[in-house]
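**Q** These are the residues of each chain, in order.
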Amino acid sequence: MALLEINNIEKRFGGVVAVRNVNMIVNQGERIGLIGANGAGKTTLFAIIAGNQRPTSGTITFDGERISGRRPDAVSRRGVARTFQIVRPFGELSVMENLAIGAMFGARQERSIDEAEARASEILKDVGLTDRAADFASDLTLAGRKRLEVARALATEPKLLMLDEVLAGLTPSEINEAVAMIRDLQEKYKLTVIMVEHVLRAVMQLCERIVVLHHGEKIAEGSPEQVSSDPAVIEAYLGTSKSLGTSRS
Amino acid sequence: MIRGLDKITGTLLVALFALIVLWPTFASNYEIGVGFDTMRWGALALSWVVLSGMTGYFSFGHVVFFGLGAYIVAVTWLVLPWWGGVLLSGVGAGILAIMVGYPCLRVRGPYFVILTFGVAELVKFIVINIEAGLSMSGRMLLGGPSTITLYYSMGVLAVLAFILAFWVRQSRFGAGLRAIREDEDAAETLGIPVHRYKMTAFVLSAIIPGMVGGLFVIRGAFFEPPNVFDPRVSLTMIAMAVMGGSDDPRGTVVGVIFLALLSQYLWANFPQLYAIIVGLLLVIFVLAAPDGMWGRWQAAKRRSRSMQTQDS
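For the protein sequence lines, the chains are A and B, in the order given.
So for the first sequence, my numbering puts the first residue at 1; every next one is plus one.
So for the second sequence, my numbering puts the first residue at 250; every next one is plus one.
In case anyone wonders, no lab produced these hints; they're calculated from the structure.
Careful: at least some of the hints might be erroneous.
Unchecked claim - Some but not every residue of chain A turned toward chain B, in silico, with C-beta under 7 Å: (1) Ala50; (2) Arg70; (3) Pro72; (4) Asp73; (5) Ser76; (6) Phe90; (7) Ile101; (8) Gly102; (9) Phe105; (10) Gly106; (11) Thr156; (12) Val179; (13) Arg183.
This one's a predicted model, so the numbers in the text were calculated from it and none came from an experiment.
Yeah, the Cβ is synthetic: ideal placement off N, Cα and C, and Gly gets one too.
In isolation and in its complexed conformation, chain B is listed as follows (with noise of 0.2 Å):
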């Protein structure tokens, strides 16, 4: 058996995969682009936890990667297949990743998030100015492939992302970079090489963000430098991991679900207030159970547990 996977987290995990498999067999068209949403957000939220909910490290520039990706497959749309495309995207946003790690990972906290930001708006208008100097407004990405191949390839994104974070959580790899989180001096003082670490991290956390960036825009047939890198891209994908439990992405998963379907019903019922209620939820989450629902629901678990041996 897996570590750390008991049976009925494993069987719900299993569920899952059949239903993201079998989704498109009996789901309209515009189901199967809500199970392409969701699985995106899914991606994106996993790889985020990587960095941010392992380390501490709270980026909230991660639409920086996303964008760069949904770049890279604008501009070779007419040179690369569309694959090699969103491979790029992601050799791109690694490298990217190589480069923005170094000066932001030496600061912690507050500093880090503004730099991330920072970052991640610096990026948007330079693409800004590029695509202006060269006349461009807008770029058109006709002739993709089809609904169906580009909701299994962000699937493969999907549990990529969710293999790769549930990997780390458990590997001494992920061991080193929660005790980062909990302590960065003392992680170091106990061996742990807190620096090339880090910059794992962020580089793994980079890499399928760029892929999902580069299908997001294959799929809207339409680039915009604005709409790629959008801020609120971010901060969704900060506000999944933090509602479901950015300490574990069993819990990531629960918090992509649940503002998935949150995010349809609010926009079908009452779009003007859709914005007023994510954020409040975020809000109330980071005052009351920071460690999201998952945390929630572990600290029960150890409660009810403790309570059972005090009465035996």
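Chain A with its partners taken away, still in its complex shape (with noise of 0.2 Å):
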């Protein structure tokens, strides 16, 4: 079943087409992997599907609904929920306020604080930040902060949760930590992924379905093998050089 369909979906600024004519079906359940050089258009297409910018033609239905043309407040009571690839965290508050103000809005909307916080717990829980509950947002490393980005959006109960480059500046191990992380939290919320990357690997190993941007357009979408072999994806992605498979093994 479709939870996501983007219709004809364009975005310009000024003279510059940041995204042109994208059509994409994200399904129920499915973890998309959303790839392509910098400046391809993933961002923008991440801040166009969560109401931060609106686009300037085309439309989105979310789970039956029209979402394209409203706030990002309105699109996350959906259930839609992103991170930020600069990450975003609340920094003068702690962690668990953190969570538990995504408890008390987006789709969960939860009236107790003690109950936000209840849910907060757990999901501080799953991704392994329980002992930092109580610091400030701001004194946590960087993959500390991934997390707890990735925490926050999850605390808002979404079904639709969109992953901005969340292993990007980590360390191999931390990535690989990452990964698992997300199939796990994938499966336990019952979550439907798309992710921004850059890194292939994490990928090419936690994705269904890959679709790839290049200056705006989606040029293939696919299994990971079919994506990786694509020739118009490497002469893209790297210009000459023959499959983009050697980094798996």
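Build the complex from these two chains, which are given one at a time in their own frames, with help from the hints.
**A** Written out as structure tokens, the structure reads:
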């Protein structure tokens, strides 16, 4: 069943076309990877889905309801959550408060603060931040703040979770941990996940389907194997090299 | 037990409340006046915190609500009973906040600071010109209530302002406001209706200052626009909130008492140094401890707690 339908979405900034005529369907429970070089329009597409930016034209339907053109808070209440590429923790609030705020708003709309904190505690356990609950969010390491970013989005009880480069800047062992964490969270909370990622190895491991953007256009879509052997993708990514798959082994 | 209120601060607050209630029974007339002024500043600073402490939208023009409240009481002095004028001041301040909030809350940071300051000056000069047009050089407000009545009325406003700020601070609404302060875009993406919340906070933070202005002008028995629209009123409430701590109304109370006592001492002993010393203190706090005395104390408590857990 289609959870998210993106129809002919286009976004222009003055004369620059950031996203050109993108169509995409995301089914319930899928893990989708969104890849592409810098400036391909991945983050812009996220921002349009989440309501942070209005599309120039086109429509987005989520869970049977049109969400394009709505404010981010309204989109969030319907069950869409996103993280930010450059993490945006509420720095002067505690880790616990960051998550409790997510639970109090978003799709969860928890009215009781105690209940919100109970949900926050559970998610903190899932992402391994329980020990840091009382610390200021700004005191976390980058890896910790990336986890917090995911956890806070998760606290809103989304159906669709959009992860914007949550692995970027992490060490290889941190990446392995984060990949395992995302997989566990997806199963436990029955999430549909779209992830923008430059760490291709992780995308190939995690995602069932990959969409490739290039200069704002969708140039390929399919399983990791299909996409990594697609000539258009290889050209867009590497120019001349033969295969993307080498980094996987 | 009320959430977020530990035994010590709870006890201190009850003691403070008892002091406010009993003060007139043993204080001199002059000291009752000091109490009235301290509570006036308390009501103003705590109201300011509801908007600026929680959302980070730093209002530099909160005197406008105070001044408008004073003006409403002055204009209705012979028409309404004094308390009717004071209540109307609250309503008027709330309506002004709705009118001003919509354009002002669209901008953030320094622009909001400048805009609120500008609006306060604008309203001041509008009132000055209206009064000049009516050939009024000030209005006498004769036959007001007794000092004790005014004292307790101000006490009610100060306590209400504290309850409001305290409720906001530990409510879901306040959590949304503090998220806006930290990162408005992230807050909106998490589902917080930022526009409605900011507007509500703005109106809530305006009503009590309006009524405080009304009581102030009754006590002075004389209305003069430059006096009640003085930008230093905004500055003083900000200084108190920042020095005490603007993220928590308990800290604000500490700041109000600290600066009110300091002002008394300085005015009595070094009147020529008053503004210099207060300004210097504000600079030091903004640079070294923007979270105020309360914030510093909380940080120290956190540090000692984490040291204990490391030791064990």
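**Q** Determine for every hint whether it applies to the structure shown.
**A** A quick look at each hint next to the structure:
no.: 1; hint: Ala50; verdict: holds, 6 Å
no.: 2; hint: Arg70; verdict: violated, 11 Å
no.: 3; hint: Pro72; verdict: holds, 5 Å
no.: 4; hint: Asp73; verdict: holds, 5 Å
no.: 5; hint: Ser76; verdict: holds, 3 Å
no.: 6; hint: Phe90; verdict: holds, 4 Å
no.: 7; hint: Ile101; verdict: holds, 5 Å
no.: 8; hint: Gly102; verdict: holds, 5 Å
no.: 9; hint: Phe105; verdict: holds, 4 Å
no.: 10; hint: Gly106; verdict: holds, 4 Å
no.: 11; hint: Thr156; verdict: holds, 6 Å
no.: 12; hint: Val179; verdict: violated, 24 Å
no.: 13; hint: Arg183; verdict: violated, 24 Å
Consistency note: the structure conflicts with the earlier hints numbered 2, 12, 13.
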